[in-house]
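J.: Residue numbers (numbering that gives the first Met the number 0), protein chains in the order written: chain E, 0 to 435; chain Z, 0 to 435.
Just so you know, the hints here were simulated from the structure itself, not pulled from any lab data. Note that CB positions come from ideal geometry on N, CA and C, so glycine has one too. You may find that some hints are simply not true.
What the hints assert, rightly or not - Here are the simulated BS3-like pairs of lysine-lysine, each with C-alpha atoms no more than 25 angstroms apart in a straight line:
no., chain 1, residue 1, chain 2, residue 2
1, E, K384, Z, K312
2, E, K106, Z, K26
3, Z, K391, E, K314
As the list claims (entries may be wrong) - Here are a few chain Z residues that face chain E, going by a calculated C-beta distance under 8 angstroms:
no., residue
4, Y65
5, N135
6, E292
To be verified - Sample of chain E residues with no beta-carbon within 10 angstroms of chain Z, all distances over it, derived:
no., residue
7, E13
8, Y174
9, L184
10, I221
11, K231
12, N239
13, D304
14, T311
15, A355
16, R372
17, E433
Okay, here's what each chain looks like letter by letter:
Protein chains: 2
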Amino acid sequence: MDLIKASILPGFMELLPDDQIVFNTIKNKIIKTFEDHAFKAIETPVIEKKEILLAKGGGETSKQVYSIDHESRDMALRFDLTVPLARYVAQHYHELDFPFRRYHVSKVYRGERNQKGRYKEFYQCDIDIIGDKELNIHNDAEIPYIMYKAFEAINVEGLVININNRKLLTGYFNYLGIDNRVDILRLIDKKDKMDIDKFKSLLEEELADSNKYERLLEFITIDGSNEEILDKLKGLKVDNEEFVIGLDELDTVYTYMKLFGMDDESIKINLYITRGLDYYTGMVYESFIKGHENLGSVCSGGRYDDLASNYTKQKLPGVGMSIGLTRLYFILSQAGLIDIKARPYCELLIIPMEGALEYSMGLLNQLRSSGIRSQIYFEKNKMGKIFSYADKENIPYVAIIGEEEMKENKISLKNMKTGHQEAISRDEIKTIREKI
Amino acid sequence: MDLIKASILPGFMELLPDDQIVFNTIKNKIIKTFEDHAFKAIETPVIEKKEILLAKGGGETSKQVYSIDHESRDMALRFDLTVPLARYVAQHYHELDFPFRRYHVSKVYRGERNQKGRYKEFYQCDIDIIGDKELNIHNDAEIPYIMYKAFEAINVEGLVININNRKLLTGYFNYLGIDNRVDILRLIDKKDKMDIDKFKSLLEEELADSNKYERLLEFITIDGSNEEILDKLKGLKVDNEEFVIGLDELDTVYTYMKLFGMDDESIKINLYITRGLDYYTGMVYESFIKGHENLGSVCSGGRYDDLASNYTKQKLPGVGMSIGLTRLYFILSQAGLIDIKARPYCELLIIPMEGALEYSMGLLNQLRSSGIRSQIYFEKNKMGKIFSYADKENIPYVAIIGEEEMKENKISLKNMKTGHQEAISRDEIKTIREKI
Chain E
0 MDLIKASILP GFMELLPDDQ IVFNTIKNKI IKTFEDHAFK AIETPVIEKK EILLAKGGGE
60 TSKQVYSIDH ESRDMALRFD LTVPLARYVA QHYHELDFPF RRYHVSKVYR GERNQKGRYK
120 EFYQCDIDII GDKELNIHND AEIPYIMYKA FEAINVEGLV ININNRKLLT GYFNYLGIDN
180 RVDILRLIDK KDKMDIDKFK SLLEEELADS NKYERLLEFI TIDGSNEEIL DKLKGLKVDN
240 EEFVIGLDEL DTVYTYMKLF GMDDESIKIN LYITRGLDYY TGMVYESFIK GHENLGSVCS
300 GGRYDDLASN YTKQKLPGVG MSIGLTRLYF ILSQAGLIDI KARPYCELLI IPMEGALEYS
360 MGLLNQLRSS GIRSQIYFEK NKMGKIFSYA DKENIPYVAI IGEEEMKENK ISLKNMKTGH
420 QEAISRDEIK TIREKI
Chain Z
0 MDLIKASILP GFMELLPDDQ IVFNTIKNKI IKTFEDHAFK AIETPVIEKK EILLAKGGGE
60 TSKQVYSIDH ESRDMALRFD LTVPLARYVA QHYHELDFPF RRYHVSKVYR GERNQKGRYK
120 EFYQCDIDII GDKELNIHND AEIPYIMYKA FEAINVEGLV ININNRKLLT GYFNYLGIDN
180 RVDILRLIDK KDKMDIDKFK SLLEEELADS NKYERLLEFI TIDGSNEEIL DKLKGLKVDN
240 EEFVIGLDEL DTVYTYMKLF GMDDESIKIN LYITRGLDYY TGMVYESFIK GHENLGSVCS
300 GGRYDDLASN YTKQKLPGVG MSIGLTRLYF ILSQAGLIDI KARPYCELLI IPMEGALEYS
360 MGLLNQLRSS GIRSQIYFEK NKMGKIFSYA DKENIPYVAI IGEEEMKENK ISLKNMKTGH
420 QEAISRDEIK TIREKI
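Just chain E, with the same shape it has in the complex (with noise of 0.2 angstroms):
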């Protein structure tokens, strides 16, 4: 029989045991800060109706999809955890209870063109809370807070979440008379991939009229510490309503995230983050790395006034934000940033010798017991290759069991990190568990 060379698919990202291990503890962390956070979990199918999907219609994201080709029904693989969501809630809305405060981690799929560090397969880690008709501001302070914690589970130090508001934008539109605020979004939201004479010229040209131009450059442009930008804000007394929510929110959003327990430094008041043509309305979130910006923003996300408006009437608006975390993982081990210590998946392995495994059994089940990951080299082969096993396996400690230690209830247990050995009576073997 010929052989099937054994290879994924090119963009799937596929880990040896030792990275799984690594990427697994990630992955708990942030969904252990998720549930201390009083989130709940919902999971819903891979595999939904193409027109459940594809609802919002058309654009980059259809193309993306994959679709099933399976007993010709209208079948793909979700591209985003948003989407099932918002017809889980419209779907379930009068089992569920609001505000709804759902986290979701799990497997989205996207057909993209081959791009290093983009997998057609990857994790979201996402939270949203929806609320019923109304959702109140602070829930938008809550959000970023809770990633927040998540990255300082997982080690990730100079975590900035850069917050804006889409209402101060497009209340300064009104405000100004600017008409074509779709194009001007598009640009401000490039701004940071471009040269800022670029920029300028190409904004200018834009709005083709000077003083509008004057003063919307002189508004995205402010900068200072978070306490300045609102005070330069407050300053510029715009006379118009959107404007002004905006700013409130804005404010509001920022006192409370300090009060969640977020220091100053780790939160930026970032005038141009507009998340695009993304169907944010209030509050958006982008978040950079300290000294590794060029990464891009490892977690986003924003404040929607309807989820749900394509599967029901009711009005269903909510905050959520979202961690690529198979991306995430992709950058954070390239630019060498990963710092977690995880747990072996063995910690002891006993080796018996002739005539001893049935002694060996009886221990196995005592370290077991005391909670230390245990396992017996059931296999007949050389010392050699058992100890080089034990520590290519990153195995911290093993025990050889033979007559003498059988004969004085002892184990001789081998630190293979520093090859140190000492005898441990079977009465103290709990005190194993402290040593790993």
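For chain E, the structure is supplied; the task is to place chain Z on it using the hints.
T.: Relative to the frame of chain E, chain Z by itself:
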């Protein structure tokens, strides 16, 4: 805009949050059992090359495979976790150490026809131990023992793991000179699904030799205690090497399952268990819940000689078992056998009165630092509605914060189940953890 009805495809499971918490608790306890017994997680892409997935060739499986229709690549969704394991081990052979103890808990996809309790997307919980060229028989005792521990961890009582060894049956076939083994294996596998007289007459017809029929029937109806069955099998004095090896393996596995810590009532040597036409070559396992045998096997598997022969010339024998978790959850809940105390997603709801929000923020942070899953009710609502929210969300404690609480630096803690209310000083907050 026309609304699209929010719904999922038939044959997919989606749970409401309360049930999801129970499901996740079960899944996490199974994973913890695997990890406590020194198994490592792997994760493989859900989408793989079709030639990899269907390497073993057609049959029922290929009809059930979900193909992906995207940029004319031959891709499909995995239908089990064993084929991806084989591909993974073949692909990464030089980077892995053997014996390779891996677990994999993830979703697989089968486009089966709609049927109650059968899902098109379902979780499998697999453990396998893969050897390089050889794998000791003691592993065949550890795998069912760990599954036994997994069921213990999720409080399912009365699990009986039925064990057999294929070599016994094929050895006995050889010994009797029976040629049409496939048909007879298939028949024996279906024995429990038909009337015993019907089975006997079909078996007699198939064998067309009354001596062979009598002796095979005598063999497969051997019953009694496990020890008695082993004694009877030894007493047959079958002069066939395969039979002798099979009997010795069965005896060893039975003995070691007990040495690992299983009681005799949880093991049943069952000579009908053949696992039909699967690729197993030695030990085979099926598991039933006492008194609920009609639910079918809840955990099955066996020993295979050569895992990855489609992808590599390396001989990789292994032994493994699998729980179909989605189906298990369904049948346990239908049979009222779920006995899981899931931790509430939120343990304490803070209700701030007018002017108490900032004070409540400090309290929230203190509660969360003490490991109590807490949230503030930020929305403006009537007290009755808020209490009804806490009730429906199964939040066990509510703390109302008003002027008095702020003045005395206390919280009024109300037990939502008993209605009991008590004042607790801020210094004693850690004690709440014990109440929950």
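J.: Hints first: check each against the structure and report whether it holds.
T.: Consistency of the hints with the structure:
| no. | hint | result |
| --- | --- | --- |
| 1 | K384(E) x K312(Z) | holds (22 angstroms) |
| 2 | K106(E) x K26(Z) | holds (17 angstroms) |
| 3 | K391(Z) x K314(E) | holds (21 angstroms) |
| 4 | Y65 | holds (5 angstroms) |
| 5 | N135 | holds (4 angstroms) |
| 6 | E292 | violated (29 angstroms) |
| 7 | E13 | violated (6 angstroms) |
| 8 | Y174 | holds (30 angstroms) |
| 9 | L184 | holds (23 angstroms) |
| 10 | I221 | holds (28 angstroms) |
| 11 | K231 | holds (25 angstroms) |
| 12 | N239 | holds (26 angstroms) |
| 13 | D304 | holds (15 angstroms) |
| 14 | T311 | violated (7 angstroms) |
| 15 | A355 | holds (13 angstroms) |
| 16 | R372 | violated (5 angstroms) |
| 17 | E433 | holds (18 angstroms) |
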